[in-house]
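**Q** Listed below, chain by chain, are the residues.
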Amino acid sequence: MTTSLSTEAPTTAVPALEVAGLTVTFPGVVALHDVDLQVGVGEFVAVVGPSGCGKSTLLRILAGLTPSGATVTGATACPSAAAWMPQRDGLLPWRRALPNALVGARIAGQDRTVAEARARELFDEFGLAGFERAWPHELSGGMRQRLALLRTCLPGRPVLLLDEPFGALDAITRRRMNAWLAGLDLAGHGRTVVLVTHDVDEALLLADRVLVLSERPGRVVLDLPVPRDGTDGARRSLLDALEVMTRPR
Amino acid sequence: MRRWRRLVAPSLAGLVLLVGWEVGVRLSDLPAFVLPPPSQVARTAVEVAPLLGDDVATTLTEAGLGLLLGAVVGLLLAVLIAAFPLVSDTVYPLVTLTQTVPTVVLAPLLILWAGFGLLPKVLLVALTAFFPVLVAAVTAMAAVDAEHAEMVAGLGGTRRHQFWLVQLPASVPGALGGLRVAATYAIGAAVVAEYLAGQSGLGVFVQRSRKGYEVDQILVAVALVAVLTGLLFLLVDGLARLATPWQRPSLPSRPGRTPA
Numbered sequence: 192m193t194t195s196l197s198t199e200a201p202t203t204a205v206p207a208l209e210v211a212g213l214t215v216t217f218p219g220v221v222a223l224h225d226v227d228l229q230v231g232v233g234e235f236v237a238v239v240g241p242s243g244c245g246k247s248t249l250l251r252i253l254a255g256l257t258p259s260g261a262t263v264t265g266a267t268a269c270p271s272a273a274a275w276m277p278q279r280d281g282l283l284p285w286r287r288a289l290p291n292a293l294v295g296a297r298i299a300g301q302d303r304t305v306a307e308a309r310a311r312e313l314f315d316e317f318g319l320a321g322f323e324r325a326w327p328h329e330l331s332g333g334m335r336q337r338l339a340l341l342r343t344c345l346p347g348r349p350v351l352l353l354d355e356p357f358g359a360l361d362a363i364t365r366r367r368m369n370a371w372l373a374g375l376d377l378a379g380h381g382r383t384v385v386l387v388t389h390d391v392d393e394a395l396l397l398a399d400r401v402l403v404l405s406e407r408p409g410r411v412v413l414d415l416p417v418p419r420d421g422t423d424g425a426r427r428s429l430l431d432a433l434e435v436m437t438r439p440r
Numbered sequence: 731m732r733r734w735r736r737l738v739a740p741s742l743a744g745l746v747l748l749v750g751w752e753v754g755v756r757l758s759d760l761p762a763f764v765l766p767p768p769s770q771v772a773r774t775a776v777e778v779a780p781l782l783g784d785d786v787a788t789t790l791t792e793a794g795l796g797l798l799l800g801a802v803v804g805l806l807l808a809v810l811i812a813a814f815p816l817v818s819d820t821v822y823p824l825v826t827l828t829q830t831v832p833t834v835v836l837a838p839l840l841i842l843w844a845g846f847g848l849l850p851k852v853l854l855v856a857l858t859a860f861f862p863v864l865v866a867a868v869t870a871m872a873a874v875d876a877e878h879a880e881m882v883a884g885l886g887g888t889r890r891h892q893f894w895l896v897q898l899p900a901s902v903p904g905a906l907g908g909l910r911v912a913a914t915y916a917i918g919a920a921v922v923a924e925y926l927a928g929q930s931g932l933g934v935f936v937q938r939s940r941k942g943y944e945v946d947q948i949l950v951a952v953a954l955v956a957v958l959t960g961l962l963f964l965l966v967d968g969l970a971r972l973a974t975p976w977q978r979p980s981l982p983s984r985p986g987r988t989p990a
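In order, the protein sequence lines correspond to chains G and E. Under the working numbering, the residue at position 217 of the first sequence is numbered 408, and the numbers go up by one with no gaps. Under the working numbering, the residue at position 30 of the second sequence is numbered 760, and the numbers go up by one with no gaps.
Worth flagging that the hints you see were computed from the coordinates, not collected in a lab. Be careful, since some hints might not be right.
Said to hold, decoys possible - To be clear about the criterion: a stretch of chain E counts as covered by chain G if any three or more of its residues have a C-beta under 8 Å from a C-beta of chain G, and this derived list gives those stretches:
hint: 1; stretch: 874–886
hint: 2; stretch: 893–900
As the list claims (entries may be wrong) - Quick partial rundown of chain G residues pointing at chain E, CB under 10 Å, derived from the structure:
hint: 3; residue: Arg-251
hint: 4; residue: Gly-255
hint: 5; residue: Trp-285
hint: 6; residue: Ala-308
hint: 7; residue: Arg-309
hint: 8; residue: Pro-327
hint: 9; residue: Ala-339
hint: 10; residue: Pro-346
hint: 11; residue: Pro-349
hint: 12; residue: Arg-382
Source: prediction; values computed, not measured. Think of the CB as a built atom: it goes at the ideal place given N, C-alpha and C, for glycine as much as any other residue.
Build the full structure now, drawing on both the sequences and the hints.
**A** As structure tokens, then:
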């Protein structure tokens, strides 16, 4: 399919995710208009935009969760299975932390003992060691989000779709989570990550490439690779792109 | 101070009512076969207490088995209704419609069909108990948090996963709430079934006492039904708490725990 991407070409030949001419309409509202997006295998892409621009809708559609009442046109292709993490943690209150972490692995049909051993390792890595038997309501907001991320990572799906994973946290905790997540090396080794956020710094810290969506109806207005050496220039371009939209009219 | 008042005020009011009853009966010379004074009821209670063991055991067996049967049937039906929209559309309205018939009215039929033994009483208690369990469980399953359902779907979960991971566990607190309600009806339903036929049970004791105009004994049985119902409720409530440990108020954080 020929795409009308006016911006940079994706870094790898075979895309892990591809969206072409995606338009999503709710009764009376156009949420996304003619969105094109390609994400390469192993790439970490962040999608930023003003609130209500349809970035969560985009991610849901990638995850195969068509919002009720929405009309979707255009092509989306996600050849490999994806794991989606909602903005709220979605932890099941009747499962302790470890069984909650195993929900994704169980859905993926993984062997329970293997998944449990792997989960115990990840509890360490995610700073949750010692809390395997805690109920979700006993965990702090940051721990709940890390547990939800652990649940999303455990099945080993090749595509991770993260919807503002730390959006509900306070600024200080979010910063600490981001630093930790950046050290986790989530993407790569054949794993692709799409992160939706409204936080430009979060996007720059974590992603290889940042997409800016316009105000509703959402379109891709900027597709910016993040330079590894100093992100000041990239930061300014992103803020400029967002500024154009959010200027009071 | 307020807790003290909450405990003492109702106790005092109850005591005043009892004294009023005692004085009223003595002053008006009401015959004991119409209304005995509470002091006589208390004396009778002490007298008949050793004889009531078998009757209490029978009634409790009927109520317990009936409650169990009703809860199992109610929960199974709720699961079918939640899992299959066709069952929901077909069966649920009919089941709701049958609740216009008070189950007590069916007692004679049950005795006609199931004999004079334990079975008709257990069935009557089960019929009374299953509906609150069913309604509470169905409501809880229908009100499943969209957040949880989406989480499962977003990880690639099918309808089967939704059911086992989200819907069924979400129904448990609801079903247990229904069971608490059902527990308050269970003993009463068993006693009413015993009024009609039976060899033992509190209902049989009441009928026997009525034939002998022993109103004091009837009042003892009434008080006993109240006490047993209260105990059964406490038991079911305790079991419900054990079965839903995540609903306990959060424990104070253990030493060594530092929130992130």
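**Q** Please name the hints from earlier in the document that this structure breaks, with their numbers sorted from lowest to highest.
**A** Checked against the structure, the hints that fail are numbers 6, 7, 11, 12, while the rest are satisfied.
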